[in-house]
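> The residues making up each chain are set out below.
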Amino acid sequence: MVSPYAPIRDGIAAYALQTVRQLRRQGNEVDAVSPVPSAARYHLRLTGWRGPLALARMTPEYDRVIVQFHPDMFYPRGCLPAERVAVSLGLALALRRSRRSEVVVHEIDYNRLVAPLQRRAFRTFLDAAGTITVHTKTERARLARALGLPMSRIGVREHNADFEAGTHHDRSSARASLGIPSDAHVFLCIGFLQPHKGFDRALRAFAALRSAASRLYVVGSVRVDEPEYALHAAELRALAEATPGAELRNGYLTDELFDRWIVAADTVVLPYRLIWSSGVMGRAALLHRPVIASNVGGLRDQAPEGTVLVDSDAELLAAMRHAVGGDPGAALPAGPAAAAAPRFRAPAGATAEAILSLVRARASEIRQGSGLPDLGERAGRPSEDRLVALAPLQPPTAGRSGSRLRRDLKRAVARLTRWEIDPLVQHVNALHAAVLEALSGDRSGDSGHG
Amino acid sequence: MTRRPRIAVVPPRYGDDVIGGAEAVLREMAEGLVMRGWEVEALTTCARNHYTWENELPEGMSVEGGVTVRRFPTVVSGDMAVKHELEAALLAGAHLDITAQQTWANAGLRVPGLFDHLLDHGEEYGAVIFAPYMFWTTYACAPLVSERAVLMPCLHDEPYARLDIYAPLFRGAADIWFLSEPERDAAERLFGSLPRHAVIGSGIHPPEAYDVDGFRTRSGVTGRFVLYAGRREGGKGWEVLLEQLDHIFARAALPFSVVTMGVGPVHPPPAMAGRVVDLGLLPAGEMPGAFAAAAAYLQPSLMESFSRTIMEAWLAGTVVIGNGLSSVVRWHCERSGGGLLYRDEAELQACLEFVADQPEVAARLASRGRDYVLSHYRWPAVLDTVEARLMELATCAS
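Protein chains in written order, with the working numbering: chain A, 1 to 450; chain B, 451 to 848.
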């Protein structure tokens, strides 16, 4: 099994783990080969032209080789066309050397297949595979069209074919364990917090729903700490905080917790802007939870009976309204996300100071209405906790890695620069202590005001 | 009535010569459960040494103290230079993104065979007890059996505990067993509302005898000494303790040498070289004599979730001088009235002077400590709690 692998948190890793479990249960001996250290028995750096060649040295040893294919696993970001061609041909070689092979295509970057040479090389790779598998008919048709492959060469295997329920919780116990009201209609968006998942669309639709009897939980974590994703997570947090009944649970999940959330939900919402196929839709089907999903990628093919597919934000809102029985319960005042009514009535000639006091008054209302902690509490305590956790800064050391010569050189540099570094280190540590002391003083002062 | 299910314990190392609090608790718990008629397996590595993780013990199945032990080979791989850099950044207070956290956690020790065993057979166990939280054997393997995973975290409030990758262990375990109330409080501070959990404590076996004379004869240790037992590591406060003692011995006349037993390099400061005696890893039967012969036991560690060595010292009638900045050490000392707490070098010096001047009063303190251990930390009571929770878990799972 050539794939990202647990405990790395990744959709394909989770998919591969389920398949490995099934294959082992059928009596197969399965070794996983993953691109980074993990629970796989072997790890190979698979990106670049050397990766497939290293793989080609291993594949003859196995009776069957399964590659869970995602372009990022093999093609370096921003690599030149020549290297892309080399990688594709290397993969073809790795498969040709195996006795039996299968490529499960999770995603393809079609933009890269416009250039004839790249397309031909990629086709050579897939031609070398004994079996090519995708998860929906739409993907099959698109792949066949893009590469001129006969449809019969591409199999369709349901995304959840190897899935098993990862939790034994029922709805009630799942809700109790996750701190979810037992009587609310619960909408759930779950997965990595990435713009293409469109969870912001669900939050906006939910704000417009204005349902007191419903909750929307957006659950997941930022997969990669890149500015784009961090900004998106911040946007989701702001939207959730401004939307009564909505909550962002930003955190890393195990497979069991993932399934527990789905079991706790009444409706799973997948407002994706872009997707090939969806593991969440597969898991929702397995756990018998209805889904509202965007009509993108192969979701139409993948969607089980009863899934509501939507083509616009208006349809998404209508579907969510329908899910709560058309009657959203006692209507709530619209949150800012709905942008229904103006919230400020500052006179035209108001000073900045006056506007600021209005803004603060409004923020106070929002906090009261949403149960958000007091500003002082929210702003002060976590930072203090993090400050307390900071170990005193130490001067740089030669470290334990590298050659002896390099370590000696580092030591010499450290000695030569100590007169400059040490006062800085002391100063930073003194600042750390002073900030902690000041925060501690602020807190004891706050408590004195009762 | 629910049948007693088969249980697994998953420590990173297993055996009566393994130094480590979590490992010792799991082994004694496993053996205690076997004595009570439970079927218990220990799923662990072939390693003894947690610095090298070298495969020293044979792979496969054996029976030790009635426990079926399955050992799986370790694989040590990944970019260790990157791991060390990430670790240094983490300890300096830097935030690691999730990719970096995963890289850090998966570089170094991995045990694919153990992972595969739980993937294939995890559901055959009624409960799988993992300890401690931060090792790969827990981080990677517990999520495979979340609904039957019992986490015995042995948690300290340390930078590692703030990594995102560990939060699901605490939020997703079927049950969490803490060794002390301060440990539980730390978990609640770090992870918020916890799932099902309990403070189960830990049992200590009172030794049958304390052979002080035999210990002195065999070890060659003479005169009055203070003792430190365990891992000689910065994280356990050993280096700071040596530095403080170096300063203290330079300015105060104290009649003690410093005796240490355990693993890890000792590195005494030059001025103390003749005053520090390293006994290395003593046979289990020799340790009680060492504890009983000491004038005081020093516990400098901030990072304690239970501190077995404090209990062993008290049982031996030896007063404890403990780091008052450790919530767990402070908690035991304050509850028992059997220890002296210090917060800085001056207080440590004062504690040592007190023991030097008034050993009989120190011994009276220690006897309170002994009463405390015997009334709170006996295996029969701990095992009663463990059995009840295992049965509850089995009922839930069935």
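Don't take each hint at face value.
[Stated by the list, open to error] DSS-like mimics (lysine-lysine), calculated; alpha carbons at most 30 Å apart, straight line:
| no. | chain 1 | residue 1 | chain 2 | residue 2 |
| --- | --- | --- | --- | --- |
| 1 | A | 410 | B | 686 |
| 2 | A | 137 | B | 533 |
| 3 | B | 686 | B | 533 |
Think of the hints as simulated: they come from the structure by calculation, not from any bench.
> I'd like to know which numbered hints this structure contradicts. Please list them from smallest to largest.
2
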